[in-house]
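Given two chains presented individually in distinct reference frames, assemble the corresponding complex, making use of the accompanying hints.
Taken in sequence, the protein lines are chains A and B.
Numbering of the first sequence is given in our numbering, commencing with residue -11 and proceeding in unit increments.
Numbering of the second sequence is given in our numbering, commencing with residue 14 and proceeding in unit increments.
Warning: the hint list may mix true and false statements.
[Stated by the list, open to error] Coverage of chain B stretches by chain A, computed from C-beta distances (three or more under 8 Å per stretch; other residues unrestricted):
hint, region
1, 97 to 109
2, 113 to 121
[What the hints assert, rightly or not] Pairs of lysine to aspartate or glutamate residues, derived as EDC-like cross-links and limited to a Cα-Cα distance of at most 16 Å, are as follows:
hint, chain 1, residue 1, chain 2, residue 2
3, A, 199, A, 7
4, A, 121, B, 108
5, B, 28, A, 86
6, A, 121, A, 144
7, B, 28, A, 89
None of these hints come from the bench; they were simulated from the model.
For every residue, glycine included, the Cβ atom is placed at its ideal position computed from N, Cα and C.
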Amino acid sequence: MIELKNVIKRYGSLTAVDDVSFSVMAGECFALLGPNGAGKTTIVKMLLDFTRPTAGSLSIGGIPSFRAECRSAIGYLAENHHIPPYLTGWQYLLRCAELLDVCRSDAVDQCRRIVELIGMQGRENTTAGTYSKGMMQRFGLGAALVGEPKLLILDEPTSGLDPIGIRETRQLLESLKEQGMTIFLNSHLLSEVEKICDTAAIINRGTLLVKDSISAIAKDGDTLEDVFVRLVKG
Amino acid sequence: MKTSNAFPTITRIAKYTFNDEVRQKSFLIMFAICAICVFLVRGCYHGDYLVNGQSLDPGTVVRALSKVIFHILAAGVMVIAALLAMRIFRRDRNEGLQSCVLSKPIGRWQYVAGKVLGLWGLSVLFMFTLHGIMFLITSINVNVIMPEYLVASLVCSINLLFVIVAVLLLSLLMPDIVAFLAVLGVGVVGFVADGIAAASQSQMAQMMMLQSGNAPQSNLTWWKVVYYVWPKLLGVQQSATAMIGSESFTGFGPFYPLVNVLLYCLVLGALLFLRFRKEDII
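Same shape as in the complex, but just chain B (with noise of 0.2 Å):
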């Protein structure tokens, strides 16, 4: 099929999963209680924060308080996507829609083209969503208004790109729920590696680290390697909440970040086109 005719079928695609996914019961539950949720925390905005004795300003309150919640919903959004994912094949095979997709004049690299980009879509709004409503409430009930909020939300969505790839082509290989688990298994280490790394570099751990007479080691060791190439998910989003604060990039700079997790999509998609054209359509 010529890629001009592809692309509508992808497209077309992308649209029945992103309305299959909206009918389903379940993903409107889920989106209520996180935008409830979201709500509930306008209340923080209100608190006088002490530190040191001294009251902090209402900005910094805000701007602090808004990264920390910009973390907590993009990685939370991240669990929703794969949940999305990781039953997405299988629903398509047991409703039927599989074969009726595949039996029509339609390459497997469309369909999946399709799921991917319908999930993507989906996640990106869902995320973006629950954004905004924090963007809302920062310029509505405390006037500050950070456009660049809504940008880093944005910057943010390549983590979900590599999420739902990840669980779809482990959910070829693997039961549903353990190639949830292992991409849910991936963020963690990263996220753990990266909060144990950023700790490490602080002004007190180096301090410490030189009490002790440890000094840093600067040697490149087996598991800075697999540090560095693990999939910085965590990395993506500081890069993102930099723009925020207009913080200067800390760690791997704003860059690195963004091609390793823009890498993963690329490996994992290839592999996930790969894997589907060998599946049995039942």
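With the rest of the complex left out, here is chain A (with noise of 0.2 Å):
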């Protein structure tokens, strides 16, 4: 579903992504982890052709990243999501449908399963200026299954949710991936990957230390934390 080839970026002379190779099956649920500033986010952006890679290549679905169509079977949540402030949760998902070629008809029966989904009934009317942080992003997730992609691309899904509003998440990104659909998670809730994630990539300062299961990475009694801070305090 998706491959990195040798993939480099450079912002002058700092080196983001450093050579990175690595795919992700189909039906897969994948984790990028890394501290902050290892280029998790860089490489998330590069998949969704939002900057270029400095060197290689990257492809979704066999299709180069930078080509519009792969983007199609993309839902995208991104880190800090933001909805303007005068939309309501309902009109930003339906601007979602609709820019997705989705009918009205089916745009609006889909934009009601997902509002239930994301458990925002009775606020979808209200405008966005008035959502706390953990709503925006419930509404961010949203507007990531609208269309129903193939692949989820999800940036810190849970940053700024209450611990309900976590346990919800990974509920439903479970019930995703039961139905088959890829998911590509930027997450530092170690624990949460640990739980839902089938693949795990440890990234530190650009360069790839392990792609692997999660339980082969996770072994010996240590859980992903452990392996996590060993491999990059190094």
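See the structure below:
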């Protein structure tokens, strides 16, 4: 589903991503882990063609990531998701559906389902200016689900959520995984990643340290957090 | 993406841009102030105007005044269009709309084209409405109907396209306010240069030059080349207002300013698309 080959990204003299290669299979729930500034968001941005790699190639479903059509299968949630303060959550979801060419009646049905799924019934018709960070994040996750994408790219999906929200998001991701959706997760919450994901990659200072199944990374009684700290601290 | 699929996306983004701008309080306040100012102008039509002791006929007064107001409105809306355009990319970035749109199967050129189209449509409607109010005032209050006034307004819309494309391009290269001031500077220099050129071609100026022994120079100088290729924003307005009075065209004739500004729109538009392709989306 996702393939990165020898990807390098430089900003002037700073190398944000250094010769990273890995792949994510269809139906897999994958987590990209790393400390702040490791290059995780840069990889996500390159997958979405928000920024171009200095060298190497990225593809989604066999289509190079710089081609717009590869994004028809992607649902994306940005870190610190924002919704324009004058739009209601409902208008925002409908706008996302329209941009994906979903016909009006399907869009309304889909958005209604999504509002239930993200637990925002009753709040969808108030403007985003009144939403908390957690509510923004929930609507952001909802927007990522519009158009029934095959691949979800989530950058810190639980950022700003309370413990109940985190649990509900985990349950939602688990059910999406069961439906066969490929999930690419950027997260700091290692305990959540351990519960949801099949595979993970740990990246530090732009370099890929390990990419394997969660069970292979966290073995011999170690938790994912133990391995993460050990690898990152060197 | 095929062109047939691309246009609905562009129009959708244009529609969102239009709606999002109209929802801004600052836009509504700007529009209200402009409309009130235009309504206040109607008093000017009821005065008696004397030139060399002779009273001017109402028709002449209406046409002359309408032309002056036409120029003021056209220039004013250019400033407003620049103000609207200067913040559009930054606001889309801050409100997450840019990443929302571009994470969908939408090309960057479609996004930019939608933004330009939306802003242009809004500015043209803004100017047309203000000119329309003037048209109604002259039609109702002084019974002078000038349908060419509205056509002239549409001709001036090409200036708005220039301003929007130029400010959008510059806002990618420099701080927003600097981009706004740079385009404002281009406009002011063009207006002043055209004003000086028009004044120097007047009979009085020609006589003064002949009296002082300075015959008008006909050779092509560097400054003249710069003057000819400079964006002819005032030239477009003059071409448009020439329709109102059914006057003969002065200066460059009716088409050069239009071609000049259109060419600028095409070149700056191409640069805008190329520059935005390299832009990192946050």
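Here's how the hints hold up against the structure:
1. 97 to 109: holds (count 3)
2. 113 to 121: holds (count 8)
3. 199(A) with 7(A): 14 Å, holds
4. 121(A) with 108(B): 13 Å, holds
5. 28(B) with 86(A): Distance of about 12 Å is within 16 Å: holds.
6. 121(A) with 144(A): Status holds; Cα separation ~13 Å.
7. 28(B) with 89(A): The hint holds at about 15 Å.
Hint compliance for this structure: no hint is broken.
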